[in-house]
Amino acid sequence: MTNPLLAINDLKVVYTTAGSVVRAVNGIRLEVMQGETLGIVGETGAGKTTTALAVLQLLPSRTGKVVGGHIIYKGEDLLKKSEQEMRRIRGAKISMIFQDPMTALNPVTTIGDQILESLRIHNGGKQQERRLQERVDELLQLVGIVPSRKRDYPHQFSGGMKQRAVIAIALACDPELVIADEPTTALDVTIQAQVLAMISELKEKLGTSMILITHDLGIVAQTCDKVAIMYAGEIVEQGTVRDIFLSPRHHPYTEGLFGSIPDMDVEVGRLTPIEGLMPDPVNLPRGCKFHPRCRHAMDICRTVIPEARQWGTHSIACHLMREEGV
Amino acid sequence: MNGRQLDRHPGEFVYKKRNAFLNRDTWGRFYKNKSALLGLCIFSVFIFCLIFADVIVPYGKALEQNLRIRMQPPSAAHWFGTDIYGRDIFARIVHATRYSLFMGIVSVAAGIIIGSAIAALAGYRGGRTDGIIVWLMDTILCIPFMLLALAMVASLGSGLRNLLLALVVASIPIYVRVIRSSILTVVESDFVEAARCCGTPDRFIILKHILPNAIGTIIVQATTSVGTMITWAAALSYIGMGIQPPIPEWGSMLAEGKAYMMKSPHLVIFPGMAIVLCVLSLNLMGDGLRDALDPRLKD
Amino acid sequence: MEPLLKTVGLKKYFRVAGGVLHAVDNVNLSISKGRNLGVVGESGCGKSTLGRLAVRLLDATEGQVFFEGRNIMEFEKKKVQMLRREMQMIFQDPYSSLNPRMSVFELISEPLVMNKVYPTYREMADRILSMMDMVGLARRFANSFPHELDGGRRQRIGVARALALNPKFVVCDEPVSALDVSIQAQILNLLMDLQDELGLTYMFITHDLSVVKHISREIAVMYLGQCIERGPSREVFKNPLHPYTKALLAAVPRPRLDESLKKEIIRGEVSDPVNPKPGCRFAPRCDFFTGVCTKDIELKEVNSGHFVACTLFQGQSPGSAACAGSKASL
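Residue numbers (the working numbering), protein chains in the order written: chain A, 1 to 326; chain B, 327 to 625; chain C, 626 to 955.
If you're looking for bench data, these hints aren't it; they were derived computationally from the structure. Using N, Cα and C, we set each Cβ at its ideal position, and we do this for glycine too. Treat the hints with care, since some could be wrong.
Derived list of chain B stretches under chain C, where covered just means 3 residues or more per stretch with a C-beta under 8 Å from a C-beta of chain C [said to hold, decoys possible]:
hint : segment
1    : 511-519
2    : 531-542
Just a few of them, taken from the derived set where beta-carbon distance is under 10 Å, the chain A residues facing chain C [as the list claims (entries may be wrong)]:
hint : residue
3    : G27
4    : V66
5    : Q156
6    : S158
7    : I191
8    : R242
9    : I244
10   : P248
11   : S260
12   : L277
13   : A297
Turn these sequences into a full structure, and let the hints steer you where they fit.
This is the structure in C-alpha cells:
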C-alpha cells in the first residue's frame, strides 16, 4: 500500500478566549492519498474549517492552538515546521480555497496581479516576468476566464468568476494538495454546477489531491472518493463514498443528516430532523458527543467515548455497532 | 409596556424587563476593564469637586486677592500655591471644575440630542431630506470649529451662555455626520423592515429600533466630546473669548499664568493637569463604556 | 374560487446609476388558499422583491396585487396597516431580522402592541407565551436576547412574530437558507405543522429546489425578474419545459451515487438586469436560441395548469408539451 500524501493523526485543536476553552477538534484521524478527493462533511461548529486551518498552520495565533497530534505530509510532521518552512509549503505544495470569494480577494489589486503574487513568491527571481505572465494566462484559461480580464479588479467579476479566480490562485504553483473550504456555498446552484465540473476536470488533468469541506451531501456524492463525517470535533464515520451512500450501516448522526434533507426526486411527508442542537464546544458532553441527540442512546454512550470500528474501508465510532456485533 | 409578574403562571414564567444595555453583564465588563476603572476613579474626583466645591473650600477664597502673597509656590497654607493676584490656586481649580464640567456636559447633551434628531430624520427619510441636511451640515463643517465658535462669541458677546451656544451650534454638524452614518447602517437592517411588516409606524421605528441600535456610537461620541468641549471651552477662555476672569476657569488660568511660566511653573501646571486629567478620564471611561456595551465591537 | 392572492402585470423598477433595473417584470401569479406557491430562482431573479411586493412592503412601479379580491397597491397608509393583520413575512436572516436590543418577549409583542390587539397586558402576555409554545420555543427564553440564542431558535422567534397576528397569508423569504441542515428540517416541519394547524397559505421563496418541492404544491420559476415557468410542483419537477428550469433541476447535486455524471450545464453568467433588451432574457445562455427569441414572450399554458414562457412552446396547444424541447424540432 502506498503512503498517504497527507495523514492526520489524533489532532486536537483548542481555542482559548477570555476565560473559556473551546475544544474545536478532539482527536481526529484522516488520510488523503495521491490524486484522491476526501470530503469532510459536517455542520457549523463541527471543526472542519479548524482542521483545514490547522493543516496549513493558519489558526488565529492569539486564540487557536494545536494541543496534540501529528499532521504528516509526505513523511514530515507539519506541526513541527517553522513559519518560514510553512510559507514555502503554502501555495506551492498545499493551497487553500476559502469559502467566501467576495472576501478572499484583495479588492484593490487586479486579478492578474493576485495570481502573479503567488507565482512570484514561489518561483523567486528565477523565472522571467514574461514567463510568469504566460503562466497567468494559462491558469485563467484553465479556469474558464478570458485572459484579457486579468487587468480587471475583483468587483468587476461576478460571484462565480471570483471563485474561479480564487481557484486559479490556488492552483498557480501546481500544488499537490488543495484544501477547499465550502468553495461553492456562496454561489448559485447553476454556477455551482459549473465550478464543480471545472474542479473535477482540473483534478483529472492535474492529478491534484483535494480535501473538500462541505455540508452538502449532494456535492460529496458527485465529487468525492472518500468521506469523513465530523461532529463536535470528532470523526464519527469514515469511508469511501460507496460506503457512505450504499452501506446499510451508519452512525446515527449520518442517518439523521440523510433524514434531514428533502430529496428532490422522492416524496416524503415529513422530514426526520435530528432533535436538539450541536453541543456547546465549551461544554462538551461526556462519553459520546452525540448521545444527547441520539435516538438509540444507551447508558454506555453517556460515559464511554466509542472507538471506531472498522469494516474494510468503512469505520464508524458508535457503541451500537459494537452491541450488535455486526 | 412594563414588566409585571404573572400570577397565573407561578414559578414558570416571570417577565422581567431587562435592559439591553444597562444590565449586569455590561457593568461586569466595565469593571473588568482596568483603564476604564482608572478613568472612573479620576473622574469621580472631579465629580466630587463639582458637587462639594463649596464644602471643600468656600467660593470666596477663589476670588480673594492678596497681593502680598502673590505667585507663591505650593505650601501648607496654599496647596497649589497662589496666582498672580495672590488668589489660592487650589480653590480656583476646585471651583473652575464646576464651570468646565457644566460646559462640557451641557453643551454635549444639547448638541447630541439635537444632532441625533437631525441625523435620524436624515437617515430614515433618505432622499431629498437627507440630501438637504447633509449639504447643510457639510457647509457648516467647512468652517473651522474654532473660527465658528469665535465668530459667534464675538458677535454675541462673551459669557457663559453665549459660549455654550457657540459650542453647541458649532458641534452639531459633527454629531450629525457621525450619528447619521451609524443610523444608515441600522436603517438597512432586516429588523427595520420586519418592524414595518409588523405595522409599526415610522416614529416608533426611529425611537425603538433605530436610535437604540445607534446608541453605541452616540454614547462613545458623547463621552469623548465632553472632553473635547472642555478643552474648547478652555481654549476660548484662554484667548479671552470665553468665561471672563475673575471667574475661575482652567483655560483663563492658563492664560493668566503663561507669561510667568518659566519662573513660576505652578501657575500653569495645575490648571493644565486639571484639563488633562479630566479629559483623559472621560476618554478612558468612554472607551470602557463602548467596549462594555458591545463586546463584539472589540473583536 | 377566488384566489387568495393574485398579481397582474406586476412590475418593479429601480433607478440606478446607469439606467433602470428591472427587478420584477410583468409577473402574473395566482395563489389559492391552502396551496403554497414556491418561488424559485437564483440570485438576482427578483424573487425577494416579488415577495415584498406581495405584502406591500414595497410599492409597485406598475401592476396590481389582489388580496382577497382587493388591490392592495391602491391602499392608503391606514388600510395598509390593517393589512398587516392578514399578510405577514418571515425573513431570511435570523441574525439580522431581529432587533438585538429587544428580548424575545418584546420581539414577539411588537405586532400585538402596534396593532393594539389585546386590551390588557395579561392577555397579550398569554398570547405571546402560547405563540412561543406553538413554535417550540421554551418559555424560559422569553427574557433572552437574540444573540444568546442559536440560528434555529432565532428563526422560531421570527415565525412566532409573523404569526402573532393570525395572518392568512405568509411570505417566507428563504426562511431556512441560513440554517444548518438538521435545523432546516426542524423549521420546515414546524412551518408545515403550523400551516395545518392555523390554515395558512405560504409563498415560499427559496433557491433550494429540494426544499421547495417539499413544501409547495405550486411552483413558479423566476429568471431576471420574469416568471418563465409555472405549474404544479410535481408536474414541473417531473417534466420541466423551459431550458432554464431543466438546467436548474439538473444542477442540483443529489445525495445519491446512482447519478449519471453527464449533466447539461448552462454556460455563461446571468446577464445584466439594468436596461435589459427585449425578448427572452435567458436567450444568451440558451442552447435552443433562435431569432424568434428576441421578441417578448408571454406565459402560455401548455398542460393543464403548467405554463411556460418559451418560444419552443409558443405554437403548441395544451397537451402536446411532451414532444417539444429538442433542437431538431425547430
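Hints, one by one, checked against the model:
1. 511-519: Since 4 is at least three, the answer is holds.
2. 531-542: holds (count 4)
3. G27: 23 Å, violated
4. V66: 26 Å, violated
5. Q156: Violated, because the Cβ-Cβ distance from A/Q156 to chain C comes to roughly 12 Å (cut-off 10 Å).
6. S158: Holds, because the Cβ-Cβ distance from A/S158 to chain C comes to roughly 5 Å (cut-off 10 Å).
7. I191: 7 Å, holds
8. R242: The hint holds - A/R242 has a Cβ within 10 Å of chain C, the shortest such distance being about 7 Å.
9. I244: 9 Å, holds
10. P248: 14 Å, violated
11. S260: 4 Å, holds
12. L277: 6 Å, holds
13. A297: 16 Å, violated
Hint violations for this structure: numbers 3, 4, 5, 10, 13, all remaining hints satisfied.
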